[in-house]
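Given the sequences, and given the hints that come with them, work out the whole structure.
Residue numbers (my numbering), protein chains in the order written: chain A, 1 to 332; chain B, 1 to 332; chain C, 1 to 332; chain D, 1 to 332.
Because the hints were derived from the structure by calculation, they are not lab data. Each hint should be verified, as a subset may be incorrect.
As the list claims (entries may be wrong) - Just the calculated beta-carbon pair ranges, DEER-fashion:
hint, chain 1, residue 1, chain 2, residue 2, range
1, B, Leu16, A, Ile59, 57 to 65 angstroms
2, B, Arg172, C, Lys324, 23 to 31 angstroms
3, A, Pro53, C, Arg316, 41 to 49 angstroms
4, B, Glu42, C, Glu144, 54 to 62 angstroms
Said to hold, decoys possible - Computed list of lysine-lysine pairs in PhoX-like fashion (alpha-carbon distance at most 25 angstroms, straight line):
hint, chain 1, residue 1, chain 2, residue 2
5, D, Lys57, A, Lys324
6, A, Lys57, C, Lys43
7, C, Lys57, A, Lys43
8, C, Lys324, A, Lys57
9, D, Lys63, A, Lys324
Where is the CB? At the ideal position from N, CA and C, for every residue including glycine.
Below are the chains, spelled out letter by letter.
Number of protein chains: 4
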Amino acid sequence: MREGATRKDIEELVSLLHEVGAEAHVSRGEYRTVIGVIGDREKVMQMPFEAYPAVEKVIPIMKPYKLVSREFQDEPTAIPVGDAEIGGGGFTIIAGPCSVENEAQVVEAARAAKAAGAGLFRGGAFKPRTSPYSFQGLGEEGLEILARARSETGLPIVTEVLDVRDIELVSRYADVLQVGARNMQNFLMLRELGFQDKPILLKRGMSATIEEWLMAAEYILKEGNNRVILCERGIRTFETATRNTLDISAIPMVKGLSHLPVIVDPSHATGVRELVPPLCRAALAAGADGVMVEMHPHPREALCDGSQSLTIDDFREMMVELKKLAAFLGRR
Amino acid sequence: MREGATRKDIEELVSLLHEVGAEAHVSRGEYRTVIGVIGDREKVMQMPFEAYPAVEKVIPIMKPYKLVSREFQDEPTAIPVGDAEIGGGGFTIIAGPCSVENEAQVVEAARAAKAAGAGLFRGGAFKPRTSPYSFQGLGEEGLEILARARSETGLPIVTEVLDVRDIELVSRYADVLQVGARNMQNFLMLRELGFQDKPILLKRGMSATIEEWLMAAEYILKEGNNRVILCERGIRTFETATRNTLDISAIPMVKGLSHLPVIVDPSHATGVRELVPPLCRAALAAGADGVMVEMHPHPREALCDGSQSLTIDDFREMMVELKKLAAFLGRR
Amino acid sequence: MREGATRKDIEELVSLLHEVGAEAHVSRGEYRTVIGVIGDREKVMQMPFEAYPAVEKVIPIMKPYKLVSREFQDEPTAIPVGDAEIGGGGFTIIAGPCSVENEAQVVEAARAAKAAGAGLFRGGAFKPRTSPYSFQGLGEEGLEILARARSETGLPIVTEVLDVRDIELVSRYADVLQVGARNMQNFLMLRELGFQDKPILLKRGMSATIEEWLMAAEYILKEGNNRVILCERGIRTFETATRNTLDISAIPMVKGLSHLPVIVDPSHATGVRELVPPLCRAALAAGADGVMVEMHPHPREALCDGSQSLTIDDFREMMVELKKLAAFLGRR
Amino acid sequence: MREGATRKDIEELVSLLHEVGAEAHVSRGEYRTVIGVIGDREKVMQMPFEAYPAVEKVIPIMKPYKLVSREFQDEPTAIPVGDAEIGGGGFTIIAGPCSVENEAQVVEAARAAKAAGAGLFRGGAFKPRTSPYSFQGLGEEGLEILARARSETGLPIVTEVLDVRDIELVSRYADVLQVGARNMQNFLMLRELGFQDKPILLKRGMSATIEEWLMAAEYILKEGNNRVILCERGIRTFETATRNTLDISAIPMVKGLSHLPVIVDPSHATGVRELVPPLCRAALAAGADGVMVEMHPHPREALCDGSQSLTIDDFREMMVELKKLAAFLGRR
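Structural data, given as structure tokens:
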């Protein structure tokens, strides 16, 4: 309460709290009175305390999420996809080009991914682009190409759903539905993905706090789909040397708060090819359940993000190292 | 080019540039060579220069937007809505509650808004909420209530489109379609709004640069709808005393770069009721075309954002001041 | 407390709190226990609660500053300097070049500042520069030039103390000692300035929260110098269109929290000359006690920050407008 | 140049550039003219181009640092300190309490550090504290205690210089002089440290870009001291779950740009004890030359930062793991 709050102000709030079934513990200090509230989270949080002039500040103590939390489920969630499993103690590599450009390129990339030991294949058929004048993806044709890459290699497919109206279409082709950073708080899409029978790869929003990210996952779990893979892909900061700032601390932090698997996307986090291998190693060492990296057979012909894509050779070399390191750390 | 780039590396790039019809001016320094490129923006920007190892950095000089720029149209865009006009030299006030809760409350707010001199009325029927357990809005019922507020007062209605599938529904009721901060880069929604015959109020994304915001507007103009009102609503920074940080410099900056009108939302920018009146004055003094403020007849009963809503009395008092200040500054 | 905290854990903390004379109010919920603590701020805040594994989080409720707060002194602090007064209801303009380059230039600038109605004159003799290869200021020679500008015009001088060892030297020449953004948390310098008999202009650090800024002022007041002028000069964010982001909300926010005067520096906040006049107006309208602007008789010859300096003509024109606006708003 | 720049405007700038011995390459496009400039960095960068109204933007292409760059010295700098060496291919651990509190505690911590294999010992005698009411360190008494810890264990001492006037005092006791985040741009202190005959541990500023950090190191090298150890300690972002955001990408990025060794401080970066071991592993895997961690024999008695200090047991356990991992990665 503000300095100067009267006994009447305090009583008014306390009786309001009692009305919604909450307990109110009043602590009176020399300058300030603090009211501690214990009660049903949703009911209490919807009360407009701050509209009362005598209230100075409302500070929530409880975490606002439930189903995604370790308190709700201590056992880590493992999500099987094809022959891979994300979150079961292994370290899963998802690789592929930023966007699907043509069949030859995609099949070549998928074969190289498979040969080097990747567990899933990624590629964008629908691309979110800052400029309306940039290449926006091949759409359904891209999805068909991805499906062919799967039949050639057996690798399950991860691809982005850009529009809520395309969920069914993308579901017909993909094994994992990706929610991009820009859609992390597209709540209606999250809800619909909660009804799908596919795992969801949920990228962290560019300026989303860890709490908001977990709340976005909560939207999906709330509707019954608990196969959510969290993906840290860099947050926006003042630093301009890298495209975004990879928040590596988020890995052990989220592993402590939630039972959901967490992977890292160092390609989008940095936008710099040379940084991808050291950051994949760092992600593994920090306890991530996997990484998602951009790899392109011919980066110079890429229609997007050529500067951050590994070549097939770079990727192969990195995979050799990562496998050894994973084995050393007792991970598959 | 990187230090150590060879004559061959340079020639390769130059001939690549010639292939897409661009001019390349090579400047050789003691340590570095710089290639200046002049050519068709879209063609040149899609070239994967950074996939060439000899290239150190690509720095775009041209602005990436066209239709929204002052170079394309020097004359400011004025957007008439009902009896109001946004961007024509006046200072327009949009007021109303955060969310539509019931008819009595909404009509009371609309009457107060009208009486105090607001030009448009706002209210959310679909609410984006961080938590799946929070009130999500009344949906179509909320739109009907807003329509009734309009028939009672004559004030045009601004309300948010949260889902691309609701554009038609919302268009049937609203006079201005609002794109929320979380949807600023929902590119498919932007495109569809480009085909609508209604003005669009485009909020700046929480972590969007001014350039990205203008590019989002470009998506709408590209499809033929040039009635876009930009709305600065605070950006996300490290400061926690206010919910976001109102970027007041963006007002004169955007007015210089673009012909589109720009308004300010100090309620969402700060989350603090007491800051709304001084920031409305500041927005006016900085050259904004208007403000959008939250006002609620009974903030203590608000289902969202009670802490940032003005009471009717506060609003009325603020309007008296703003009118005088606007008149003094030669604005309507 | 964490979920699973035992009765023993709680008792241990409570008795620890009693030892330092604090009251502890224990609230037990279904999942969590919250201990509300009322006691001497300094004693309680120094206790290492978070080193106890049963403690989940410590949330301070009290503000950590005292002497700078409105609770300590409700009356606004007015600081007379020469014929000017900062914080007494007027709107004070401090103007001058970024750095002192030579006597002719400085005297010309000071005369123009005086003629247009500025209350104080600014100029840097010691310059903090990111690069060791940039011009670092004229040092004591610069201070002498500033003193001559004062004798020519009568305007009091504001200049930066860059090094704690120079406090006495600078005090011999200057009327107001400026602490730059990079020294806002140079605590030993702050303490020494607390012993000086001159007003201190304390710039907000590039990434300082409002609370940290007020704590920096508290260091100065604690030693007995309560003539502190706070100066908002932009904070560092992801936006690159302006050099920093002017936090205009900080003005009414700080005026509410503290009795100290607050001014705005739009030149450093934005780095863009064209934005200075609209932001000066916005600062005035938001309730600032003044502005500090860069002005240079010949910006093309400036050794630093030419791009953000107003010419004498620009400045004069802006002053005419500001005076009218201040008068309209009932400010001097 | 701005659209509308005349031939005369362009010629004026070109002849200005010729005057300082620079070459100017003019590229004329349909809408814009670009002038490419090749010349002496310092001379060109000091020209006030942006004071010319016809100039739209100045974009530096060359990096502003020299002595710290890989181009200047390709060979990594290895810095021997006592029996340790930082930057020579090994992985060095610096451990110790946040602040020096008393001799018993410090000697116990130093023995534990030594026993577990740390290479250097750290502890603060002068503490920068946000609040003037917090414990500010023991000063010279603290330095004496640190010296005793060194004679007991043989571990070289790292401690912070808080005030430029204390450089000589601290140099008498310490083996490595630490510059804290708040002093990273205390340019006069950096310069003086450039004359010292001790290695400098330079922490990255809370909101310093990588470029600014390297420029700060350049200040030290410029005066002749090239024994600078860079220390990444987290940057300030909007995320509040951790105290700062550890910028792990900065490690491989800086290793590519500079020959100087880079270490990581995960304790200050996160403020969360549990995150320290995984982030130490991540730092090692990302290529850092070492880590600096807080460790306290009795965190509950710590006078600062108890919540982020490892206990001796935690530290010992982490060291066992790190040694194995370093050996596996071919590091000492």
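Hints and how they fare:
For Leu16(B) paired with Ile59(A), a C-beta distance near 58 angstroms keeps the hint of 57 to 65 angstroms intact. For Arg172(B) and Lys324(C), the hinted distance range of 23 to 31 angstroms is not satisfied, since their beta carbons lie about 47 angstroms from each other. At roughly 45 angstroms, the beta carbons of Pro53(A) and Arg316(C) sit within the given window of 41 to 49 angstroms. Look at Glu42(B) against Glu144(C): about 58 angstroms separates their beta carbons, and that is inside 54 to 62 angstroms.
Under the criterion of a C-alpha separation no larger than 25 angstroms, the hint pairing Lys57(D) with Lys324(A) is inconsistent with the structure, at around 49 angstroms. Distance restraint check for Lys57(A) and Lys43(C): the Cα-Cα separation of roughly 23 angstroms lies within the 25 angstroms cut-off, and the hinted pair is therefore satisfied. Among the hinted pairs, Lys57(C) with Lys43(A) is consistent with the structure: their alpha-carbon atoms are about 23 angstroms apart, no more than 25 angstroms. A threshold of 25 angstroms between alpha carbons decides the hint, and for Lys324(C) with Lys57(A) the separation of about 38 angstroms lies outside it, so the pair is violated.
Distance hint between Lys63(D) and Lys324(A) is unfulfilled; the C-alpha atoms sit about 37 angstroms from each other, more than 25 angstroms.
Checked against the numbered hints above, the structure breaks hints 2, 5, 8, 9 and satisfies the rest.
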